[in-house]
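Trainee: What follows is the residue order along each chain.
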Amino acid sequence: MNFYATLLIALKALRVNKMRSALTMLGIIIGVAAVIVMVAVGSGARAQVEAQIKSLGANLMMVFSASPTFTGARAAAGATHTISEEDAYAIGRELTDVVVAAAPALRGSGQIVAGNSNWSTSFYGVTPEYFDVREWSIAEGRFFEPAEINGAAKVVVLGKTVADNLFGDASPIDQTVRIRTVPLTVVGVLAAKGQSPGGSDLDDVLLMPITTARNRVLGSTSLAKSRSVGSIQIKLIDGIDSQYAEDRVRELLRQRHRLQPGQDDDFTLRNLTEILQTREESSRVMALLLAAVASVSLLVGGIGIMNIMLVSVTERTREIGLRRAVGAKAGDILRQFLVEAITLALIGGLVGVLLGSAGAQAIGALAGWPIQLSASATLLAVSFSAAIGIFFGFYPARKAARMSPIEALRHE
Amino acid sequence: MSAPPSVQSPLIRTVVLAKDYRLGDTTVPALRGVSLDIAAGEFVAVMGPSGSGKSTFMNLLGCLDHPSGGEYRLDGQEISRLSDDALSSLRNRKIGFVFQHFNLLPRTSALENVALPLLYRGLSAQERHERAAHRLRQVGLAERMGHHPVQLSGGQQQRVAIARALVGDPALVLADEPTGALDSRTGVEIMALLQQLNREGITVVLVTHEHDIAAYADRIIHFRDGRVVDDLANRQRDAQADLSLQPAPT
Numbered sequence: 001m002n003f004y005a006t007l008l009i010a011l012k013a014l015r016v017n018k019m020r021s022a023l024t025m026l027g028i029i030i031g032v033a034a035v036i037v038m039v040a041v042g043s044g045a046r047a048q049v050e051a052q053i054k055s056l057g058a059n060l061m062m063v064f065s066a067s068p069t070f071t072g073a074r075a076a077a078g079a080t081h082t083i084s085e086e087d088a089y090a091i092g093r094e095l096t097d098v099v100v101a102a103a104p105a106l107r108g109s110g111q112i113v114a115g116n117s118n119w120s121t122s123f124y125g126v127t128p129e130y131f132d133v134r135e136w137s138i139a140e141g142r143f144f145e146p147a148e149i150n151g152a153a154k155v156v157v158l159g160k161t162v163a164d165n166l167f168g169d170a171s172p173i174d175q176t177v178r179i180r181t182v183p184l185t186v187v188g189v190l191a192a193k194g195q196s197p198g199g200s201d202l203d204d205v206l207l208m209p210i211t212t213a214r215n216r217v218l219g220s221t222s223l224a225k226s227r228s229v230g231s232i233q234i235k236l237i238d239g240i241d242s243q244y245a246e247d248r249v250r251e252l253l254r255q256r257h258r259l260q261p262g263q264d265d266d267f268t269l270r271n272l273t274e275i276l277q278t279r280e281e282s283s284r285v286m287a288l289l290l291a292a293v294a295s296v297s298l299l300v301g302g303i304g305i306m307n308i309m310l311v312s313v314t315e316r317t318r319e320i321g322l323r324r325a326v327g328a329k330a331g332d333i334l335r336q337f338l339v340e341a342i343t344l345a346l347i348g349g350l351v352g353v354l355l356g357s358a359g360a361q362a363i364g365a366l367a368g369w370p371i372q373l374s375a376s377a378t379l380l381a382v383s384f385s386a387a388i389g390i391f392f393g394f395y396p397a398r399k400a401a402r403m404s405p406i407e408a409l410r411h412e
Numbered sequence: 001m002s003a004p005p006s007v008q009s010p011l012i013r014t015v016v017l018a019k020d021y022r023l024g025d026t027t028v029p030a031l032r033g034v035s036l037d038i039a040a041g042e043f044v045a046v047m048g049p050s051g052s053g054k055s056t057f058m059n060l061l062g063c064l065d066h067p068s069g070g071e072y073r074l075d076g077q078e079i080s081r082l083s084d085d086a087l088s089s090l091r092n093r094k095i096g097f098v099f100q101h102f103n104l105l106p107r108t109s110a111l112e113n114v115a116l117p118l119l120y121r122g123l124s125a126q127e128r129h130e131r132a133a134h135r136l137r138q139v140g141l142a143e144r145m146g147h148h149p150v151q152l153s154g155g156q157q158q159r160v161a162i163a164r165a166l167v168g169d170p171a172l173v174l175a176d177e178p179t180g181a182l183d184s185r186t187g188v189e190i191m192a193l194l195q196q197l198n199r200e201g202i203t204v205v206l207v208t209h210e211h212d213i214a215a216y217a218d219r220i221i222h223f224r225d226g227r228v229v230d231d232l233a234n235r236q237r238d239a240q241a242d243l244s245l246q247p248a249p250t
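The listed protein sequences correspond, in order, to chains F and B.
For the first sequence, my numbering gives the first residue as 1, with consecutive numbering after it.
For the second sequence, my numbering gives the first residue as 1, with consecutive numbering after it.
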């Protein structure tokens, strides 16, 4: 007996009890739909986190001057700037086993004026390492050169948002902007990055040589003397344990700042990648929970199939006896019921895929979550439901195949 | 041995055929050594009270069961040691069954019901349907091929079942109380049909407990306590029949 004929018999048997077949499939449908939704939401979240890590710069760690709560006690030391440019260079020089680059940054803010437009934003005094650490790339023009850093050249690189607001569609290159009355020449525009994980505009930024910021724009003598900076941004070696890297950086800074054991740090370390990874981890835990629920549902669905197939075998005992009498081999009967169970499970799986995909789209649209449907997850879910059909269909099918034809024919 | 002398190679030959059933620790003998021949073209009725072993005998003849002892040759082939699969294909090719309760598949057309045995022979749908249609015409149901069993009368259902028994061109038709679920007038029609098929050359073995049904057969075999107690030719009694047989009251 060929497979096609067997399949037709199975479909016919399922059509006879439409309601029962549909209810039996429900467990599989729910299970598969849950898997599809879970993977779509999970991989969407993961893709979003990956994009955010990319926008910040991968493996990014930041050192800030100590938080204001204990700078109050050290107000006399002047400013809250407890870390210096030298600290950044020391990290870059001495911790080459954990750090790719360390970039000092001085932050300021103010009104930027170009012709008759103006824009209020933050500006950073940076060194060339900064572009590397934060993974900025240039859309137009160029970055600063080392000579411009050393000479405190009056040059500036604009973020996309700043460039758009000051110059509109015109090219800002070689144009002059003024910050706190200091005129600076635009040499480059950064490629757009979009939003940070916190929702702020990463492109609303203006970069100038650190020397220019310190000596010409911020113009503070105390700053100039100490060469202190607001933050050091560190790019860690890919795959390095971030806790270990943090410990190494902390150890070096404490030593440089001559802090005694027991004394509090006068700086704060933040590992942004780690924060994001924690978020990704929690979405993965959610996904695992959903997976557990989905597999329980698939299991229950499979048991439902087994239950209904057992009922069906009992109901159709005489049919089995008749088929055996007219020449069906035990294997024919086994295949017939197995194909019926697999068909139940597979149809349930396919309906589940359709419902799950629609559900994922709906969740994406309603909750505003990023959704990523995955072909491999779909394939996996469908083949898993077929496997459930085989696994839970085998026992009833074998029971049918092992019936004695005589007893089966005599069955009332 | 009760082989009619005119037959060289019988269609059915059983030699001390026995069947025991195991009920817990005790063994119940259902058939205690039955030896008989049935020639091709015979119309045989098997009779006997319940528990006489006639059903067991029919199950063995139908290759639905393995004997516990003895031999059974169907069409020259020893079947007692065949595998389950071999028995299935033997039933498919050599035996047609007619049951008391028709045993048609519900929600399935008469044509599909008749074609069912050919499905297990691996024939194409077209050939299955052609042969099934031919047999349905033969039993007088040319107009009812698309009807489902519930749309047919009892007699019509049994005709479908007979067409199904014939569709595989079997050597033997086994009918188990074929009129048991029918009123007497329809029963007569069904027996007339079986008789007509027999005249066309098909061997029919029939189980019944009604004497007027058995009267359609050429030969009546009586069973009691797992043995043949009486085996005689009906109407045209053969004078040369085995001397041990007792004449039946007519």
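What the hints contain is simulated information worked out from the structure, not anything from laboratory work.
Do not take every clue at face value.
In silico DSBU-like cross-links for lysine-lysine, where the CA-CA straight-line distance does not exceed 30 Å [stated by the list, open to error]:
1. B/K94 - F/K160
2. F/K154 - B/K94
3. F/K160 - F/K18
Residues of chain B placed beyond 10 Å of chain F at every Cβ, according to the derived structure [unchecked claim]:
4. A39
5. D65
6. G180
Cβ atoms here follow ideal geometry from the backbone N, Cα and C, with glycine treated the same way.
Trainee: Each hint: holds or not?
Mentor: Against the structure, the hints:
| no. | hint | result |
| --- | --- | --- |
| 1 | B/K94 - F/K160 | violated, 88 Å |
| 2 | F/K154 - B/K94 | violated, 105 Å |
| 3 | F/K160 - F/K18 | violated, 61 Å |
| 4 | A39 | holds, 24 Å |
| 5 | D65 | violated, 6 Å |
| 6 | G180 | holds, 14 Å |
Violated hints, listed in ascending order, are 1, 2, 3 and 5; each of the other numbered hints is respected by the structure.
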